[in-house]
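Visitor: Now for the letters of each chain:
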Amino acid sequence: MKLFLFLIYFILIVPIGIIRTLLGVFLRNKNSHSNWKIKTHYSDMNKTK
Amino acid sequence: MNIIGISAFFHDSAASLIIDGKIVSAAQEERFSRLKFDKRFPEKSIEFCLQNASLRFQDIDAVIFFEKPQVKFNRIMENIIKYSPFTFKQYMSALPEWVGGKLTLRNRLKKFIKRKCKNWKGKIMFSEHHLSHAASAFYPSPYKDAAVVVMDAVGESASTSIHIGEGNILRPLLEQNFPHSLGMLYSAFTSHCGFKVNSGEYKLMGLAPYGQPKYTNLIKDHLININEDGSFTLNLKYFKFHRDLKMTNINFNKLFKCAPRKPEAEIDSIYMDLAASIQKVTEEIIELIIRHAKKITNKNNLCLAGGVALNCVANGKVLGEKIFDNIWVQPAAGDAGGSLGAALAANHLYFGKERIFNLDKDLMNGSLLGPDYTSKETRELLIQSGANFKEEDETQIIKILTSQISKGKIVGLFNGRMEFGPRALGSRSIIGDPRNKEMQKTMNIKVKFRESFRPFAPAVLKENCSEYFELDSDSPYMLFTAKVHENKLIKSEENLKTEFSLDDVNNLRSSIPAVTHIDNSARIQTVDENSNYFFWNFLKNFKKETGCPILINTSFNIRGEPIVCTPIDAFKCFMGTDIDILVINRFIMFKEEQNMNIYKDYKKNYELD
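Note that the protein sequences, when read in sequence, are chains A and B. Residue numbers are given in the numbering used here: position 12 of the first sequence equals residue 12, and the series is strictly consecutive. Residue numbers are given in the numbering used here: position 255 of the second sequence equals residue 255, and the series is strictly consecutive.
In case anyone wonders, no lab produced these hints; they're calculated from the structure. The structure presented is a predicted model; accordingly, all values stated were derived computationally and were not measured. What you were told as hints is all true, and nothing was included just to trick you.
Residues on chain B that point at chain A, a partial pick, calculated with CB under 10 Å:
#	residue
1	163
2	227
3	350
One-sided excerpt, in silico: chain A residues whose CB lies under 7 Å from chain B:
#	residue
4	5
5	9
6	16
7	39
8	42
9	48
10	49
Here are the computed lysine to any residue pairs in the SDA-like style, where the Cα-Cα straight-line distance is at most 25 Å:
#	chain 1	residue 1	chain 2	residue 2
11	B	441	B	497
12	A	49	B	177
13	B	353	A	44
14	B	237	A	19
15	B	116	B	371
16	B	483	B	301
17	B	295	B	227
18	B	89	A	3
19	B	294	A	41
20	B	246	A	10
21	B	441	B	492
22	B	603	B	590
23	A	2	B	98
24	A	37	B	323
25	B	409	B	591
26	B	591	B	374
27	B	89	A	5
28	B	110	B	120
29	A	2	B	99
30	A	37	B	83
31	A	39	B	298
32	B	294	B	171
33	B	82	A	11
34	B	390	B	371
35	A	39	B	229
36	B	600	B	588
37	B	44	B	566
38	B	246	A	6
39	B	488	B	544
40	B	82	A	38
Glycine residues also receive a C-beta, built at the ideal position from the N, C-alpha and C atoms.
Extracted from the complex, chain B is given alone in its bound form:
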C-alpha cells in the first residue's frame, strides 16, 4: 500500500511517502522552492517522493492531509466571534485565505491529482493535526508501546495532547485547547524579544543561557496559571494572538517594563533575562506534562512531537529527570513531520496494517529521506554551475578534509540523501574544528551571516559521547542538550561567573570551545556507523589524526536560506560565503581554484529570518 502524506498552508509544507508501512521519502517544500518555511501546496515535494520511488500517481492508494481544514476554520471563526469587535484585522487576514481555497481543500486536492492522473481510484483523507504529530512520533519509534506527548502552538484546536501507543494502535487520552498553548506562550516572548514567530524560537532558546531567570515568578503570577497535572491557563489580558495579528499587548510591556525589541537591534540584558525566564517556565511545564503522561499511561517509553518538542534544552532536562526509561523525539517534530505522521496514521489506524518495528533502531533511516544525486548527475550540475572540481575516492576525501579542518578550514559537506526536518545531520552540513577558539565567531559572522551569540552543535562519535558530555543516551537527531563533561572544561575566573554578556561568547570555556555554549552546554548529535556511514567514517578518521572525536556540525545554508538541496544550491552557497572547501559526494572543490566572479552578494538573495 502506497500512501502520500501532505502538510501545507500554515508553515513548512512537506510531503512524505510510505510504502507498505516503510518510510521511503520525505522532504520539505522549502528545499525545492528555496523559500524558507514555504507554506504553499508541496507540489515539488510530492513529485520528488514519486520520482524517488519510481512510482506514478496511479500507483498511490491514498493521499492524506495532516489536519482537518473544516475543524480549524470553525475554531478560527469561533475565536473571531468570541473576541469581536477586536478581531477585525485577524478576520480580514484569515477569511480571504480560507474562502480562497483552504476550505475547499478536498476539491483542490482532487484537481491536483486529476492533473497528475485522470482516472485515479485512491482515497483522499484527512487526519487530525495532533494525531499526525503523535503518529509521527510513535510509529517510527523503536518502542512497542509508549506514552506520546504532543506540544505545539495550535492545530485545529488542540495545543497540547497526551496519547497512548500500543502495537499499531494509537489512542488519544487528554488534550488542552487554544488559546491555552505553550507554543503560543513561547512565541509571544520570541516576538517580544525581536525574533520572528515560527522561526526565531530556537534563537530565544540559544539566548536564554546569557540571561538570569529573574521573571519566572512574574510570569507564573500574571501570565499563566499552572496546575499540578501540567495543564495551564494563559491570562489573555497580556496577549493579543487570539484576536489580532500581534502576539502581545501593552499590558505585557507594562508587566515587564520593557517595549518589544526591534528586529536586529542590540540585545539588552532584559531580553536575555526574559529569554531565560520563559525557557525556565517552559521547562517546568513540560516536566509537569510529562510526569502526568507517565502517571496516566504507566509506560516506560515516551515519544515526543510538535514544535515545542524541538526545544532540545527542555528535552535534555526531561531526559535527565528519568521520568521515563527511554525518550524518542521525532526529528521532524514541527508541521513538516505532520505529513509523515498523517501517512502512518492512515496506514495503521485506517487501513489497520500491522506495524513494522525494530527494538534496536527507529524507522527514520537517520532522517535521511530526501533527494540524492548520482555521480553522473552531480558532475553535470557542477559543470553547468561553472565549478572547478576533482573526483576522489572516499578515503582520499576524508584524508584531505581531516587535514584541512585541523588547519582551521571550513568545509561544506553534501553527502547522500538530504535530511528531513530542521536539522542538518551530516548530509547537508557545514563542518569545522571544534577545538579552534575562533571558529564559532568565524562561522557565525563570515559563513552563516547570523547573530554572534548563536551556538554550534557538536557531532560526536557515539562511543565517545560520554567522555565529552554528560549524556548517557543516544541523540542522533540533535534533539537533546547536555553539559560538557567537567574534565573538558577550562577553569578560569571568567568562566566561573554566572552573569554573562554577549562578549562572553569569545571566552575559552572548554577543550572544544566552538561547540560549548555560554552555560557549558551543547546540543549533541551522536553519530554511529548505521545512521550515516560516511560521516561516521569521517569522524573516526578525524579522531585518529587529531585525538578529537568531534566536529562542528551546522546546517549548510546562510541566515534566511533553506538548507541546500541540490549540488547547484551547495555550490552557490559555497561561492557566496567563506566556506573553504566543498565536497559533494565524491567531488571536491577548493575555493582558491574557483572563478571568484560568480555568485557575488549571495546573502542579498535571502530575507533575514
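Chain A extracted, bound-state conformation:
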C-alpha cells in the first residue's frame, strides 16, 4: 500500500503539481482588496459533494 501511494505521488501528483504551478504564474489573481467570495446557496444535502 505504502509503495503504491509512493509511486502515485511521484509519477502522477508531482508532475500535475508542477504544470499547475507553471499555469498559476500566468493565471494568478492579483486583486487584494478583498478575499471574500460570494456564495449564493448551500449544496444538496442528499449528496456527499
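Dock chain B against the given chain A, drawing on the hints supplied.
Guide: Here is chain B on its own, set in the frame of chain A:
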C-alpha cells in the same frame, strides 16, 4: 420528525438528537470513551441520544453528517497537488485515512445503521461544515433574524463565512477559503508557543495578558494582509500547515527570532509577547469581519460559531464595541456543535419545518443536554466504586457545601444532565471560594495538575453580575470576558504595573482574587434560576451566608482528561485529586471518610494536553 446529527473523524466527535425541532440530547464521544477529543465515529453518543429519548433506530427519520466528505477530500487533494513535491508527508498521512473509510462514509453509515436496524427507511444526508456551524448558532438562538458569522480553522474549504438568518431560512453570503484561515493563524502561534494544536488555543488566550503585544506590526507586515472588509490573506512563506504536518517553518522562527518552545518547557517572556500579539491581531480581524457582517446584513442580532468563536476575550471585546445590539454564541461552538447544527439544518432547510423559538430564552436548555443518573443508578454505581457516601436533601447539601467552601474546601459538583460543549457550567464542575487568595494556585497545581498561569472562571448570580464585572449582558455559557469592576480591585503598586511575569499570578488583585486574571479580566458565567436551578440556589445560599454571589467554576477533570460523565468517573477523579468533598446529585462524600488506597496515581492515566 426525529433527526440525528453526527460530527466525526476530525476532532471532538459528537451526536445530537432533535425531535420535531426541539433539541433533546447532545453529547461528545470523548465523555463516554474517556479519550480527550476522541474523533472516532460517535457510536456511544448516538446510543446515549436514543436511550435518553427512549427511541430505537427505526424511529429515526434522518441521519445527517456535519460536512461533505467528498468536497473535503477534493480540497485536500488539490492542496497536495498544488504544493507538491513538498506535501509528501501530508499525503502519506491523509490518504490511508481517506481511502480506509472517510471517502466511503455513506456506506459506513449504512453499515452502522444496518447493525442497529435492518429495515431502516430513513434518509442519510450530508450538510456543509460551515452550514452546520451557522445553523448551530442561528436556530437555537433567541433571535427571529440575525447575521451569522462562522470562524474556524477549515471545513471542506471555507475557513470564515457570513450568513443571514431570517425565520427558518438561513442563507450564505460570503466566505473565505483555506489556507487563509484565522483558526490556522492562531493555531500556528499556539504550536510555536509549545501548546498542542486544537486543544492549546485557550491556553494561549490565557497566556496573552502576561505579555506585551510587541509583534502586532510584524505580524501585520509579514504574516497577514488584512483588508478593510475583514477578509485577509496569509503569507504562506511563513507557514507549513498547508503542505506539511507542522504549522510553521524556519522563516517564522527567523521573523520572531525565536525557536518553537518545547512542550512543558519554561515559558519565556517572548512567548507571552507572541501570545499577546496574536491575540490582539485576532481581535482586530474579528472586529473587522463582524463590522462587515453588520454592513452587509443590516441586522441587529449576531450569532457566532466555529472554534474561533470560543475566543471569549475577542467575544468580550466585540460585545463592548456594540456593533450589534445582541450577540449569541453557540456554547458548543467547535466541531462537536456541528452535529447539532447539521440536524437543525436538515429540519429547517431540507424538511422545511417551521422554527420554534422563544425571544426571551435560547433553545439550548442551558447546554444541559447530556446524560443524567437517577438516585437508584447513582447509589448502585457508588457502591460498585467502593465509595462511602450519605444521602441528604438539597437544602442540607447546599448548607454543607456553603460552609465547607467558605472554609477553603474544594468541591466536586455533579448535578443533573451533563453539559454539551467544552465548558462545565455547574453540572460537572469543581467549585471553590473566589475570595480565597490561595485557591487559584491550589486548584491549578493540586487538583487540576495544570499550568499555574491559567485563570479560573467565576460563576455569578445574574442579578449581581454588574456589581462585580463590567458586563451588562448575560453570559450563561462562559463565552465572554469582562473586566472586574474597579471598586472590587485592590490598588497596590504591584497591581499598577503593565508588564507581568508568571509569578504575578499570586498577587492579590481584587476582592475575588481566584477568578481575577492578571489583566483584571474574568471569563464570566451568569447563572439564573431557569438555566440551572440547583447551581443558582447554591450561589444564592453562598451569597446569603458570605455576602459573595460568586463561586469558582472549573471543569470537573484533570489536565488531559475529558470532563467526567458518570458517577464512577466523578468518584475516580475525586479520589485521584485534592478535591475535599464530592456531591453527586443528592449523595455527598467526604475525602477523609474514603478508603485512600483506591485510585492512586490518577493523573498517570491521562496524556498531557
